[in-house]
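Visitor: Read off the chains here:
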Amino acid sequence: MTATQTVYEPKFIESKWQEIWEKQNTFHATEDTSKKKFYCLEMFPYPSGRIHMGHVRNYSIGDAIARFKKMRGFNVLHPIGWDSFGMPAENAAIERKTHPAQWTLSNIEAMKVQFKKMGFSYDWDREVATCLPDYYRWEQKIFLEMYEKGLVYKKKSFVNWCPKCETVLANEQVEDAGCWRCSSLVEQKPLEQWFFKITAYAQELLDDTYKLAGWPERVLTMQREWIGKSEGSEIDFEIEGHAGQKIKVFTTRPDTLFGATFMSIAAEHPLALQLSKGTEQERLVKSFAEKVAKMDRAQRLTQDYEKEGVFTGAYCLNPVNGRRMPIYAANFVLADYGTGAVMAVPAHDQRDFDFSKKYKLPMEVVIQPAGEKLDPLTMKAAFVETGLLVNSGSFSGMGSEMAKKEIVKHLEGKGLGKGTVNFKLRDWGISRQRYWGTPIPMIQCSHCGIVPVSENELPVLLPTDVEFTGKGGSPLKQIKSFVEVTCPKCQGAARRETDTMDTFVESSWYFLRYTSAKKNNGAFDKEAVKYWFQNPDGTFGVDQYIGGIEHAVLHLLYSRFFTKALRDLGYLPEGCENPLVISSRRGWSLKMAPR
Amino acid sequence: MSKSKGNVVDPDYLIEKYGADTARVFSLFAAPPEKDLDWSDQGVEGGYRFLGRVYRLVHNWTSDDDVKEAKKDLVLLRNKTIKKVTDDLERFHFNTAISSIMEYLNVLQKETPKIPRADIESLVLLLAPFAPHIAEELWQHLGHQELIAHATWPTFDAAILNAVDSVKMVVQVNGVVRATLEVAPGLSQEEVSMAARRDEKVQKYLQDKNLVKVVFVPNRLINFVVS
Ligand SMILES: [Zn+2]
Ligand SMILES: [Zn+2]
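Line by line, the protein sequences give chains F and G. Here the first sequence stands for residues 56 to 650, numbered as in the working numbering. Here the second sequence stands for residues 144 to 370, numbered as in the working numbering.
These are calculated hints, taken from the structure and not from any lab test. Treat the hints with care, as some may be off.
To be verified - For lysine-lysine, the following DSS-like pairs were computed, each having C-alpha atoms within a straight-line distance of at most 25 Å:
hint, chain 1, residue 1, chain 2, residue 2
1, F, K152, F, K171
2, F, K464, F, K303
3, F, K619, F, K209
4, G, K227, F, K91
5, F, K66, G, K160
6, G, K352, F, K167
7, F, K171, G, K160
8, F, K92, F, K71
9, F, K172, G, K160
10, G, K226, F, K92
11, F, K91, G, K226
12, F, K244, F, K167
13, G, K160, G, K223
14, F, K71, G, K160
15, F, K66, F, K172
16, F, K252, F, K619
My request is simple: use the sequences and hints to build the entire structure.
Guide: The following block contains the structure:
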């Protein structure tokens, strides 16, 4: 027995053992098929500079689990990395005149020292930092392959725009109509943006929420709501006096079609201006559209504002009863949601009810509750339930559910509509007008259009000689040597894309990179993924995922999409569908301080 | 700084003053994972004192040469504690896991110096996931060449737990007592029903009968109503 001191001196003890663990590489994990694996995954931190108590707890939990499982004989994979692209580094650069790379890397070093001082049992050989080219180069490669497969596209769309930060904000980054970072009033701005086609997987992503073991039910519920599947139908309304022109709507309640008395279209809808052109309504519609454009998009999705509209001067025709329906431009219809037009049924939709009272528009009851008779003159609120049809021609007397099918069938027969499925889920806008992110490997040629960077030109490195003023959009735009390139197709002069990717892209696959973090000829090794993700019963998933629940909804959704895309690109082992399934009963249930 | 949100405290200050093991034990002990971490000086001091007590206990322990026979209730407590900490770790109940280690320590302290090696080692092993540095140090002090990180997690003997902990379950058929079973406490109706049906004395009254219903009082009684 060694005669060490009998006074507990943590400082001495702790540095002694940290040195021993490091020297012996105690927590280095290698694939060993003779042992059962245990993948203990923790959400990787943003390198803000110093760890806080939220980190201490989060990672102490992960470490207790990892050490416990190791002692129970598992081959434990317990990796760590840094989610190291993102705005704070750029803001620090502006405020402190340090380069984002320098700021970030020195933060990583400082936090690494702190993590080691905490004695966390990480396999540091698998450390990953997303801001380094040996990580993001593979993301660029995947991006190109996704582009090839039609999962990436560019389109003009309205974005939340912070005039002060000069950047696009995700809906979640808009708080009370203001920028989450600087509280400036957020504007709507049309901008060419890169999108990931997450909607191509909407149904699959929804179905999988019922197979995702280990996730708290409320995270799954929020995902389902975010995906927002609804079944209904598309219906065409002919516009009076504009032969052949139609307004398309999506509705989950075709049974109320006979009660549609007016039409609401988005103020930004091109029809609003077109229909009012030359009429005395033109000026009103124009100024209304401008006013609506200033409204915050997130707020528009809530119910928390005055519903307003203006008459466009035009009418459309109800396809089942020929009723002339005035067309209104309204602030509660979003141009990029659904078809940008909503048939208004004031007797059976509360928003339409309020709107019709305000603008004195007709109301017709077409659904009656059993054993009751609704009177449009005395109704205090819309009747939104299903019931029996009245005033609906040959459909009167049917129940709502049957009428939904019959009316759609009738419309399909006349070529005026069809049954459809609609999703609330929008494609994932990944363009960020920022410097500190993964460069999007695309080139704009005035001759050839959009041309992808050739794969052998990867990585597209972030240039380092950048000035940060905080003004004038992305600093990348100002770097000639970066922007000015030769078109890979025609060899003519072309411009490089200066948008960088949303940092959620990096966090959508880091857990795969951990399995083969040093691989220098690919994103990750398929066999290693198979070893660390495959469970004894043949299913795939991590054994534990620990992190803040507040990040769970979007991170999980985006990661699930990204891994579906990787699956379809042939990156994943056979049968690996949802790598973020958590095998243990308890997964993600922590509260963690904001980063 | 008596009570505030944990996140305003600089972890470096904790590590510097008390050590990483205390910071870890405190952050896991102070609140269950789904709750906010509240900071308290007493909480940290408490964690530090606990580790200090473990350290001294193990250091002052010389050998178990004069422990002739392990006390029965100590054997039971060791098995109970191992089971509890193991189950709690699987369920993410870190705070209750640590408090059972604390209770274990309290009992062992009263036994000083006549503590069996098995108890001293179990205490250190159970502490290892939470406070790995002190655990390595004490493990080495106890003469182990290998790291505690590579050591095997202690196991419990279910037979010992069941024997001491068993309850007497009265088995009735149509209200008449037909057998008394010794079973582990907390068994479900289904588990007790299976055990009872395996009993010959019960079996013959259930044979060829229609089961109408089962009355079940946990840890006390099961009554098969048949026709
Ligand atoms: Zn801003
Ligand atoms: Zn070209």
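Visitor: Determine for every hint whether it applies to the structure shown.
Guide: Each hint tested on the structure:
| no. | hint | verdict |
| --- | --- | --- |
| 1 | F:K152 to F:K171 | violated, 29 Å |
| 2 | F:K464 to F:K303 | holds, 17 Å |
| 3 | F:K619 to F:K209 | holds, 20 Å |
| 4 | G:K227 to F:K91 | holds, 24 Å |
| 5 | F:K66 to G:K160 | holds, 9 Å |
| 6 | G:K352 to F:K167 | violated, 70 Å |
| 7 | F:K171 to G:K160 | holds, 17 Å |
| 8 | F:K92 to F:K71 | violated, 29 Å |
| 9 | F:K172 to G:K160 | holds, 13 Å |
| 10 | G:K226 to F:K92 | holds, 23 Å |
| 11 | F:K91 to G:K226 | holds, 22 Å |
| 12 | F:K244 to F:K167 | violated, 40 Å |
| 13 | G:K160 to G:K223 | violated, 34 Å |
| 14 | F:K71 to G:K160 | holds, 17 Å |
| 15 | F:K66 to F:K172 | holds, 10 Å |
| 16 | F:K252 to F:K619 | holds, 11 Å |
When the structure is compared with the earlier hints, violations turn up for hints 1, 6, 8, 12, 13 and for no others.
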